[in-house]
Amino acid sequence: MKITTKGRYSLRVLLYLAENYNNNCIPLVSIAEAEDISLKYLEHIMKNLVQTNLVTSYRGSHGGYKLANPPYSYTLGTILKSTETDIYIADCLNTCGPLCPNHDKCSTIEIWEMLQTTIEEILDNLTLVDLLRIQERKTGHPSKYLTIIKNI
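For the sequence shown, numbering that gives the first Met the number 0 begins at 0 and goes up steadily by one.
Quick caveat, the hints were computed from the structure, so don't treat them as lab data. Incorrect hints may appear among the rest.
The following label-pair restraints were derived from C-beta to C-beta distances [what the hints assert, rightly or not]:
#1 Thr-4 <-> Ala-67: 16 to 24 angstroms
#2 Ile-110 <-> Tyr-57: 44 to 52 angstroms
#3 Ile-133 <-> His-43: 22 to 30 angstroms
Where a beta carbon is used, it is the ideal one built from N, C-alpha and C, also for glycine.
Let's have the full structure, built from the sequences with the hints guiding it.
Next comes the structure, spelled out in structure tokens:
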């Protein structure tokens, strides 16, 4: 499994929007500058994030983007499944394609299935809030969103 640039950038953008969750809408240009992503490529990413209902788009002079839901409701698994077409560690696990002719007698398939399950469990149990905590620990800068939810 290889997470594409689109998937990695989507996580970064959603993390940025999570950090700014309690602010007004964030203009596309501000996101592009903050995350050092080309504006043209970011437009493509944002279109996908809006279509998958992860982000809400607002038009007008105070328009921009916001998370559609609170940061704690976004798992990394949900985000990556919305951006990646194939997140299997081995082709033989992809049930959308033809079944491997060796599937029933393959001695390694169970290892790939266990590894796939472990990866999915990790991704499905980590949220944007977990990433905000990691970011806070790595940078030493307190997260605005985490500060707010700690005080509630």
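Status of the hints after comparison with the structure:
1. Thr-4 <-> Ala-67: 16 to 24 angstroms: Taking Cβ atoms as reference, Thr-4 and Ala-67 lie about 23 angstroms apart, which means the hint holds.
2. Ile-110 <-> Tyr-57: 44 to 52 angstroms: For Ile-110 and Tyr-57 the Cβ distance comes to about 47 angstroms; the hint holds.
3. Ile-133 <-> His-43: 22 to 30 angstroms: holds, 26 angstroms
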